[in-house]
Structures are given as structure tokens and as C-alpha cells.
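Taken in order, these protein sequences are the chains called V and F. Position 303, counted from 1, in the first sequence is what this note's numbering calls 303; the numbers after and before it change by one each time, with no gaps. Position 122, counted from 1, in the second sequence is what this note's numbering calls 122; the numbers after and before it change by one each time, with no gaps.
For the record, the hints were derived by calculation from the structure and aren't laboratory data. Possibly wrong hints are sitting among the right ones.
Just so you know, same-sequence chains aren't split out, so a pair can sit in one copy or run between any two.
[What the hints assert, rightly or not] Simulated pairs of lysine to aspartate or glutamate, EDC-like, Cα-Cα distance not exceeding 16 Å:
hint, residue 1, residue 2
1, LYS281, GLU294
2, LYS396, GLU294
3, LYS251, ASP297
4, LYS271, GLU14
5, LYS132, ASP388
6, LYS2, GLU50
7, LYS24, GLU359
8, LYS144, GLU50
9, LYS102, GLU389
There are 2 protein chains.
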Amino acid sequence: MKRVKVRKGNNVYEGIEIPSVDEKYLVLKLDNGYNIAFRRNEINVNTIGEFEKKSKKTEKKIRYRKELRDVSIIGTGGTIASKIDYTTGAVYPAFSPEELEKMVPEIFELANIYPREVLQILSENMNIERWKKIGNAVIEEINKGRSIVIAHGTDTMHYTASFLSFTLKNLNLPVVLTGSQRSSDRPSSDSRMNLFCSVKFATTDYNRVVICMHGTMDDTFCYVHKGVKVRKNHTSRRDAFQSVNTKPVAKVYYNGEIDFFEDLPEKHKEKAYFDDKIEEKIFLLKVFPNITHEILDFLIDQKYRGIVLEGTGLGHTPSILYNTIKRGIDEGVTFCMTSQCINGRVNMNVYQTGRKLLEIGVIPCEDMLPEVCYTKMMHVLGHTRESDEIRKLMRKNIAGEIME
Amino acid sequence: MKRVKVRKGNNVYEGIEIPSVDEKYLVLKLDNGYNIAFRRNEINVNTIGEFEKKSKKTEKKIRYRKELRDVSIIGTGGTIASKIDYTTGAVYPAFSPEELEKMVPEIFELANIYPREVLQILSENMNIERWKKIGNAVIEEINKGRSIVIAHGTDTMHYTASFLSFTLKNLNLPVVLTGSQRSSDRPSSDSRMNLFCSVKFATTDYNRVVICMHGTMDDTFCYVHKGVKVRKNHTSRRDAFQSVNTKPVAKVYYNGEIDFFEDLPEKHKEKAYFDDKIEEKIFLLKVFPNITHEILDFLIDQKYRGIVLEGTGLGHTPSILYNTIKRGIDEGVTFCMTSQCINGRVNMNVYQTGRKLLEIGVIPCEDMLPEVCYTKMMHVLGHTRESDEIRKLMRKNIAGEIME
Numbered sequence: 001m002k003r004v005k006v007r008k009g010n011n012v013y014e015g016i017e018i019p020s021v022d023e024k025y026l027v028l029k030l031d032n033g034y035n036i037a038f039r040r041n042e043i044n045v046n047t048i049g050e051f052e053k054k055s056k057k058t059e060k061k062i063r064y065r066k067e068l069r070d071v072s073i074i075g076t077g078g079t080i081a082s083k084i085d086y087t088t089g090a091v092y093p094a095f096s097p098e099e100l101e102k103m104v105p106e107i108f109e110l111a112n113i114y115p116r117e118v119l120q121i122l123s124e125n126m127n128i129e130r131w132k133k134i135g136n137a138v139i140e141e142i143n144k145g146r147s148i149v150i151a152h153g154t155d156t157m158h159y160t161a162s163f164l165s166f167t168l169k170n171l172n173l174p175v176v177l178t179g180s181q182r183s184s185d186r187p188s189s190d191s192r193m194n195l196f197c198s199v200k201f202a203t204t205d206y207n208r209v210v211i212c213m214h215g216t217m218d219d220t221f222c223y224v225h226k227g228v229k230v231r232k233n234h235t236s237r238r239d240a241f242q243s244v245n246t247k248p249v250a251k252v253y254y255n256g257e258i259d260f261f262e263d264l265p266e267k268h269k270e271k272a273y274f275d276d277k278i279e280e281k282i283f284l285l286k287v288f289p290n291i292t293h294e295i296l297d298f299l300i301d302q303k304y305r306g307i308v309l310e311g312t313g314l315g316h317t318p319s320i321l322y323n324t325i326k327r328g329i330d331e332g333v334t335f336c337m338t339s340q341c342i343n344g345r346v347n348m349n350v351y352q353t354g355r356k357l358l359e360i361g362v363i364p365c366e367d368m369l370p371e372v373c374y375t376k377m378m379h380v381l382g383h384t385r386e387s388d389e390i391r392k393l394m395r396k397n398i399a400g401e402i403m404e
Numbered sequence: 001m002k003r004v005k006v007r008k009g010n011n012v013y014e015g016i017e018i019p020s021v022d023e024k025y026l027v028l029k030l031d032n033g034y035n036i037a038f039r040r041n042e043i044n045v046n047t048i049g050e051f052e053k054k055s056k057k058t059e060k061k062i063r064y065r066k067e068l069r070d071v072s073i074i075g076t077g078g079t080i081a082s083k084i085d086y087t088t089g090a091v092y093p094a095f096s097p098e099e100l101e102k103m104v105p106e107i108f109e110l111a112n113i114y115p116r117e118v119l120q121i122l123s124e125n126m127n128i129e130r131w132k133k134i135g136n137a138v139i140e141e142i143n144k145g146r147s148i149v150i151a152h153g154t155d156t157m158h159y160t161a162s163f164l165s166f167t168l169k170n171l172n173l174p175v176v177l178t179g180s181q182r183s184s185d186r187p188s189s190d191s192r193m194n195l196f197c198s199v200k201f202a203t204t205d206y207n208r209v210v211i212c213m214h215g216t217m218d219d220t221f222c223y224v225h226k227g228v229k230v231r232k233n234h235t236s237r238r239d240a241f242q243s244v245n246t247k248p249v250a251k252v253y254y255n256g257e258i259d260f261f262e263d264l265p266e267k268h269k270e271k272a273y274f275d276d277k278i279e280e281k282i283f284l285l286k287v288f289p290n291i292t293h294e295i296l297d298f299l300i301d302q303k304y305r306g307i308v309l310e311g312t313g314l315g316h317t318p319s320i321l322y323n324t325i326k327r328g329i330d331e332g333v334t335f336c337m338t339s340q341c342i343n344g345r346v347n348m349n350v351y352q353t354g355r356k357l358l359e360i361g362v363i364p365c366e367d368m369l370p371e372v373c374y375t376k377m378m379h380v381l382g383h384t385r386e387s388d389e390i391r392k393l394m395r396k397n398i399a400g401e402i403m404e
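Pulled out of the complex, with its shape left as it was, chain V reads as follows (with noise of 0.2 Å):
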């Protein structure tokens, strides 16, 4: 591993190389923690010092504590629990006991740790099939009597936690997804924080799906958040998930306080399971000004089963859609809407375009975040294909996902 000085230009930047993919590129890791990428044939390099990275394998064991509730860390990749190795570039989960206990000592203290590694993604790449690995990774751990945390890249977290939701059923114990915006070898690393209380939210009997992630951008406390009403908005701050259309469920703080915003939801009498039919075939399409029905009609063409509307406003398209809208659900295909805005309520009785898509068969979708709907749809339409049970599914509140 070699650390570098780049000049470009007037500039000057030092940090450590990492591999590039391609050769005609410089990567180097800033001291802040940032990449940045250079074509070799514009900079001048300048080694500053060699090193080798250090890795020690010590077997430690983890005491068995009978007072502490049993924990499962379920590893799927992305940023938290992870390091990179410099020598490949790659990020690879830090998932042993040894590991953990280095990284995040105090969980220990919280619950007896039992970490499983399901999967090594960035979540970028989530998809169905990594889903239902991780629902049957979930049920299983659930079976042994365990509470469960999922740590998860951050892109697409919400839409995991929002599929959970809705497939995970009886749950009798938590379920916590968590990530990390900064990656642990950055000293603004969100990772500890966001293990430590995700853990502590664990052995509360709050159960069913949540995010917990930093609350501020300090190292104050965690929000936890329903899985059915959160969002990553904002691309790098720790704070960067929040709670829309509803306030959050609990503060954690880091030195283990919980402050609980509603109350503790029902216990389920039937055993917990994971209800893996999903229809695979749904669309989450957002609208914009000049879209053109073509696009519709290919998604009907190509069998879609359902198809979420991210509208404009109170839940609208361009009336130039209307007839291919039409087609698709004379066809059997289930239109529901929802709104760009993120925040409120789509409500389409108050225009005449809302009410006309009304008429055509939309199905409107509250307050539902359009990607709570999106995973919301798979559930429903892996279960029936009748229209008026779909509209019925769709507009009940299964998992939290629409406030009264």
C-alpha cells in the first residue's frame, strides 16, 4: 500500500492509491476519507511511503450472559460492519465476533451477539432473490428465539425495510435494519452509533420493522423509524433518513436511553413466517412533464402485472397518459398512484384530471411513500389477481404504511 503525492496542474493532493478498475487512472483515498480519480497521463506521482496492511486473526470467545437478550447481526454488505482493503479496492464485511467486538466493543454489554453473514452486496444491487435470502435468514434466527439486526448499504435500505414489512408476518421480536453514510475507517464514521443503538433498540419489545440511523448530524442519538415510512433524503449525511408523513418511533441514545414516541404494538399469537409470494412483475414509473404514453405501452407489453405512478402534485399525469392507462387496466394491469411531492397525501377528488383518473380505475394510494407502494404492490399481487381485492389490499393499512 503506497501513499502518494499527485500534482495536477497547480494542484497538489496526498492520500493513499487504491486500485483503479481501469489502468489509465489514479485513485487515491483523501485523508478525509473522499476518492478521487485522475488520468495517469495529466498528473505527475510521487511516493511518500510504503506499508503493508496488518491482518491478525485472534480466536476470541464470546461469553454466553443468561440475563441478555440473544441478538442476530445479519450481514448483507454495504458501508457499516464493512472495511475496505486497500489492496483490491473491495469492501469486505468485518463479521466475526472479533471483528465486531473491535469495532464496537459495547454491544457486548447489550445482548449476546450471534452475527451471520447472508449476503456481501453494495445495496444498489438489492433485488427480489436477495430479499427472500435475507426474509428466511430473518424467520430462521427469529425461530431461535432471537431479535434481529440487518446491516444494510444505505441506497436502498428503505425499500428493504419496506418489502420486510410487509412479507415478515407475526412478529414477535424487532427487526432493525441499519448502515452506515461514513465508512468505519473515516473518523466521521456513523457505524459505532448506529450498531450501538440498533442493538439496544433490539432488545426492546417493539416488534416489527424499523430503521435506526443517526438522528442529527452529531453523536447524540439514533431515530428509529417505521419501516414503511422512511426515506434516504440526502445522499451523504449521517441524518440522511427520515420519517415522512409521521414522526419517528423511539429515540436511542448512545448511552442506551430509550425515549418511545407511541405505544408498544400488539403481540402476534401465531408463529412468525415469511410470505415469500411476490409477483415480480411491478413498475415504479415517476411522471414528468413531456412523458409520452410509449413507454406505458411497452410496460404493458411486457406483462407487467402493476404499475406505481410517482404523479405530480395531489396524485396527476398528463391527460395524454389516460388512454393508455385505460388499455393497460382493461388488461388486468393494476395502476396506483402516488405522489413525487414525497411529503402528504395524494388526494384525487379535488381536480377534474384526479377525478377522471379515478374513473379509469387508479387506485389512490394515501400518504404511501411511492416506494413503500412499489414493494407494497409485489406483496399484494403475489397473493390475488381480482381487481377488487387488489384495490381492497392496496388501500388497507397491512403494516403501518398509511396514517389516518
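Following the hints, put chain F in place on chain V, whose structure we already have.
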């Protein structure tokens, strides 16, 4: 026009019956301003009263005052400066000087007002052809020495503001878009204050395209937002429009005071014009888990010239799309990356997946909103098909869309 009482099950609703497109339904305008639709076969209806809509035209000459600036108010339709005709259910513009003086008499103390109706549409039906009409009308009015207020539906007002920011060149007078989240026949309407503040701001020397809308839920002040850094972030709240990745330009109080948060832009020496060289074949595509490559293949086959990717996180897509994106770029399609997080900046150097997209040739669009990137591509690709030039222009700050 009939006032009726509707009984459905145990519930009773009272309001004005407004015409329904489908005879099977009765549509009621409640006193709180909301509409509600009933299936006629599920309700009992009692008429409480009938009355005629008043329609009286009075000719009133607006006096010209030399000491005031001239402001043209361009009507495009939408909720603002509109009234609902209860005999047809249609929203019609209230755009004569008489109507304006009845609705918001105080603007005639601020400026010499020249109303001009250009369109009569709800803004979900805004498109390029209509944008061109607006652009040409703005320049005609500006050439008469008039500042501009554009009354616009709120659904797509931020798309229009962004489009005009790139295509109205050499502005030396303000162009202020405004709208209304609640129609003027409702007590909670925001029409009056929004129009007042917009006309007031139009009398300043801030020679850019801006949006002026309620700053809070009450009637204290409006915020003025840069046309390229603003978004409708709520379906129904009066303060739905928010500056993104920057602060507003100014506050305009309902007493006419203005607090500027930045210096006035420089004046232009050349004459203002509307740059109507527009590439229409641009698509705005939100990516999501499980999206497949067929949709991109379709857009490329349909000869789209530019595709704005609304990626996840710092600017990512599932890797399953890489080959198709590469195919598109090889065939001359421009791909730009923005983030569905809305807030923050794309940074495709942090993870290997982002670097891979950069290598393929995707253009990272900094802190540009997806909607802004979409209208900017229309403008840029209307001027050049040379890929290096496109890249240079997309990454160059043209109208304030990229913050340092």
C-alpha cells in the same frame, strides 16, 4: 347550482353539487373546499337550496402611474387567479384587470399591472410546446420593459421554472413564477399573498427566474427560490415549495418588505431572448431495486437522445444495467446521474460501482435536482450532439443549478 344534503349509511354530507363526468357519480364540494364523490346508487340526496351564479362584467380603467414599475402577469391556468365554475366543474381563469383587482387589489399599488393570458391548463399537462409559448410571451413582455409574474399550476411549476432558467437568456428583469395550493374560493387560499409578494418581488432588480410561494403555513411571508434549486415537496401544504441544496434568495413579507439573502446578480449587456433550441427526446428515469435492462433498451431503441438517471444514494444503479447504459453511450445517448435522495450531491468516486459508471461514461451531475437536470439536458442537447461538449456543459454552472 344546488346546495344538497347527501346521506350515505349513517353519514351525512352537505355542500354544493358540482358536475360529474360520469353520471353514475355525484360530486359534492364540501364547505371546507374539498370535493367528495359518491356512487348515486349508494346515497340519498336532498336539495337544500338553488341559486344562480352571478356573472357581471364591469369595465374599470386601471390608471397608469409613472412612478411605478410595469409588471406583466402571464396566466397559464392552474389554481391561482382561477375560479371554479360550478355549472361545469371547470376551473377558469379570473384574469381581467377587474377580476384581479377584486381578488388582490393591493397589487395595483405596487406596479402597473398588465394581465396576459397565454394558456388555460392544469399544470400536469405542461409540455415543451407550451413552454415555448410561455417563453416567447415572456420575451415579448420583457421587450416592453415589463417585469414578469407567471401564474402557474403548482404540480409542475418547478419544472417550468427550471426550463425557463436555462432558456431565457440575458434577463435584466425578474421572472417570478407563483401559484396557489388552495383555490381562491377557499378561506385558506394562498393566492392573494402569493400574488402580492410575487408582484412586489417583480419590482426588484433580481434579474433571474424564481419561484415565490408561501414560506410557512401562515400568512407571514413568502420565500423566493432560485428556479433551478426548488422543488414541490408536499402535496397540499401552502409552504410546499422548498429550496434544495441552497437557501432561498429572499423573504418577501406581506407588508411589502424584502429581506435579500444574497447580492443581486450582474446585469446583462445583450438583449434578452428566448433560446428555443430544445431536444425533446429526453427521459427522466428513476431506478429502483429489481429494475431490469429492458426499459433502457427500449428508450435507446426509441431514439431518446438523453436519459437522466435518478439513481440511489451517491449516484448508483444496479450493476445489471451497466451493459445497456454502455450500449446507449456507444450509440450516442447521453446518460446523466442525479440522486433520488433529492438532497445532497452525487459522488461517484466513493464506491467501485460509482467508478464503474463513470468509466462507462455516465456524467455525474453534482447537486442538481433530477427535474433540473432533465430540463438542462433539453437545452444542452438542443445545441450540440458532440459528447465532450455535452459533458462540459452539463457539468458547467449555467444558471445557478450547481452550487460550489
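Verification of the hints:
no., hint, result
1, LYS281 with GLU294, "between (18 Å within a copy, 12 Å between copies)"
2, LYS396 with GLU294, "neither (32 Å within a copy, 32 Å between copies)"
3, LYS251 with ASP297, "neither (46 Å within a copy, 45 Å between copies)"
4, LYS271 with GLU14, "neither (56 Å within a copy, 47 Å between copies)"
5, LYS132 with ASP388, "neither (27 Å within a copy, 43 Å between copies)"
6, LYS2 with GLU50, "within (4 Å within a copy, 86 Å between copies)"
7, LYS24 with GLU359, "between (57 Å within a copy, 10 Å between copies)"
8, LYS144 with GLU50, "neither (47 Å within a copy, 69 Å between copies)"
9, LYS102 with GLU389, "neither (51 Å within a copy, 50 Å between copies)"
Hint compliance for this structure: hints 2, 3, 4, 5, 8, 9 are broken, all remaining hints hold.
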